[in-house]
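If you read the sequence shown in my numbering, its first letter stands for residue 1, the second for the next number, and so on.
Quick caveat, the hints were computed from the structure, so don't treat them as lab data. Check the hints yourself; a few may be wrong.
[To be verified] Once the Cα atoms are required to be at most 30 Å apart in a straight line, the calculated DSBU-like pairs of lysine-lysine come out as:
#1 K195 to K164
#2 K164 to K193
#3 K193 to K116
#4 K36 to K51
#5 K51 to K196
#6 K236 to K196
#7 K51 to K116
#8 K140 to K164
#9 K156 to K196
#10 K196 to K116
#11 K193 to K236
#12 K140 to K156
#13 K164 to K116
#14 K36 to K116
[To be verified] Per label pair, the in silico range of CB-to-CB distance:
#15 E173 to V55: 17 to 27 Å
#16 K196 to R42: 35 to 45 Å
#17 L34 to G93: 51 to 61 Å
#18 K193 to E173: 14 to 24 Å
For each residue, glycine too, the CB sits at the ideal point set by N, CA and C.
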Amino acid sequence: MMVDKIKKSGFTLIELLVVISIIALLVSILMPALNKARGQARAIVCASGMKQISVAFNTYSIDNDDQIPTARLVMSDDEGSEPWIWSLLPYIGENKNDLEGSFEEPAELWFCPSDKDPYPLGLSPHGQKYTSYAMNGYHKVASSGSGWSGSSPELKFGPAGGYKISQIRFGSECMLMMETSYYGQVYDMYNKKLKKYNPDYQGHHRYTSGFYHNNGMNIMFVDGHVERVKGIDAEKVEAPDTLKSQNYMYWEELSLPDSEENRLLWGPGY
């Protein structure tokens, strides 16, 4: 009798298979929702980090006669000046003079958790020069041999192109920083005013926009607020050779509106 009772209390193979199938079905239904929730959480963390960076920008400007840090290529010093990310180090609690210490360890604040390729062009970590973000600006001073030293001795495009906060009329609509891990600065190279000076294509927003958050990106504006902006449909373009191997940061069919579509977004100079 005891043996019969034990046999009756067990599960048959068919019952186990049914239970396993139900569990698998539930997991398949829940996984997209869980992935979406994780993505939203990463976007919130990213926006929170950008908000902290905006405080650093504001404090820097207070200490530097209202000046916005100038956008520069982060992968090497440009014209002898330090990259903007270096300028902000003291305002996030880092010591930029301590080359052997914390300076060599990138601050988590510089990276979006959804950025799978935070070190551009296949480069390995190299301290505080690398970041998931880019400043909106293009600044260049004419020099001998530049070919345009006549009527325009200085090029200033975008808020980080050499402007002060007080010079930005619509700070709540003007982008100061966007998401990308490729170049460190961004601009609209196809704008007629800028294009004639042949800026480096790698800083163009079609090649640098990082739509990490469900085809959208977090954008910081000059007034300090952060909001998520959806990428707009754009014609598919051929990726430059240097971008073809960068699987996680190049979107062929998405873009930000250009400076003719939304001049306020790009700011002064355009």
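Here is how each hint holds up against the structure:
no.	hint	verdict
1	K195 to K164	holds (24 Å)
2	K164 to K193	holds (21 Å)
3	K193 to K116	violated (34 Å)
4	K36 to K51	holds (22 Å)
5	K51 to K196	violated (35 Å)
6	K236 to K196	holds (24 Å)
7	K51 to K116	holds (21 Å)
8	K140 to K164	holds (16 Å)
9	K156 to K196	holds (14 Å)
10	K196 to K116	violated (34 Å)
11	K193 to K236	holds (24 Å)
12	K140 to K156	holds (7 Å)
13	K164 to K116	violated (33 Å)
14	K36 to K116	holds (17 Å)
15	E173 to V55: 17 to 27 Å	holds (20 Å)
16	K196 to R42: 35 to 45 Å	holds (40 Å)
17	L34 to G93: 51 to 61 Å	violated (34 Å)
18	K193 to E173: 14 to 24 Å	holds (20 Å)
Against the hints set out earlier in the document, violations occur for numbers 3, 5, 10, 13, 17.
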